[in-house]
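Enquirer: Take these sequences, add in the hints, and give me the full structure.
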Amino acid sequence: MLAVPGSASPASDQIAAEIASSASNSCRGATVAFGYTDGTENRLSDLLAGPAQPGRPPQRWLCPLLTCAYPEVDQAIAAAVAAADVPILVGRASRPPPVPRRGDARTAIR
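Using our numbering, you'd call the opening residue of the sequence shown number 10 and step up by one each time.
Since the hints were derived computationally from the structure, they do not count as laboratory data.
Treat the hints with care, as some may be off.
Derived Cβ-Cβ restraints for the label pairs, each shown as a range [to be verified]:
hint, residue 1, residue 2, range
1, Arg37, Pro80, 14 to 22 Å
2, Ser18, Gly38, 17 to 25 Å
3, Asn34, Ala88, 26 to 34 Å
4, Ala32, Ala93, 17 to 25 Å
5, Ala26, Asp47, 15 to 23 Å
6, Pro19, Pro63, 30 to 38 Å
7, Glu81, Ser18, 28 to 36 Å
8, Ala91, Gly48, 15 to 23 Å
9, Asp94, Ala20, 30 to 38 Å
10, Glu27, Asp55, 29 to 37 Å
Note that CB positions come from ideal geometry on N, CA and C, so glycine has one too.
Expert: Here it is, written out as structure tokens:
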């Protein structure tokens, strides 16, 4: 499952659906769905509250779609996870790589 910050919109639905499709292709047999932390449509809290699927483990995996620290979204995700009926494992949001410092030998151009 993917946690998308903000509310649903046609543009964010398209992007989230493409990411979910790509994730499904790399995780054979997994159902990848997404929900939004805000708004009234396709809410993360509703997605997480759904029943476990027959024949599947009851736990769920949640990946926040964030590229940087976002405390408000982290709090919304934590609230949705706390209200869920099944165990949910939350992954760390992806973070951009560190910016190289000037003079760092690992970044020197040769």
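Enquirer: Taking the CB of alanine 32 and the CB of alanine 93, does the distance hold inside 17 to 25 Å?
Expert: Between alanine 32 and alanine 93, where Cβ atoms are some 20 Å apart, the hint holds.
Enquirer: Assuming the hint says 14 to 22 Å, is it satisfied by the Cβ distance from arginine 37 to proline 80 or not?
Expert: 35 Å, violated
Enquirer: Per the hint of 28 to 36 Å, is the separation of the Cβ atoms of glutamate 81 and serine 18 within bounds?
Expert: Since glutamate 81 and serine 18 have Cβ atoms about 18 Å apart, the given range 28 to 36 Å is violated.
Enquirer: With respect to the beta-carbon atoms only, verify the hint that asparagine 34 and alanine 88 lie 26 to 34 Å apart.
Expert: Given range 26 to 34 Å: holds, Cβ gap about 31 Å.
Enquirer: Using the Cβ atoms, figure out if proline 19 sits within 30 to 38 Å of proline 63.
Expert: 33 Å, holds
Enquirer: Range first: 15 to 23 Å. Now tell me if the beta carbons of alanine 91 and glycine 48 are that far apart.
Expert: 19 Å, holds
Enquirer: Confirm or reject the claim that glutamate 27 and aspartate 55 have a C-beta distance inside 29 to 37 Å.
Expert: This hint is violated: roughly 21 Å between Cβ atoms.
Enquirer: Could one say that the CB atoms of alanine 26 and aspartate 47 fall in the range 15 to 23 Å?
Expert: 18 Å, holds
Enquirer: Honestly, do aspartate 94 and alanine 20 meet the 30 to 38 Å range at C-beta?
Expert: Holds, since aspartate 94 and alanine 20 (Cβ atoms, about 31 Å apart) stay within the stated range.
Enquirer: Is it true that serine 18 and glycine 38 lie within 17 to 25 Å of each other by Cβ?
Expert: At 30 Å between Cβs, range violated.
Checked against the numbered hints listed earlier, the structure breaks hints 1, 2, 7, 10; every other hint is satisfied.
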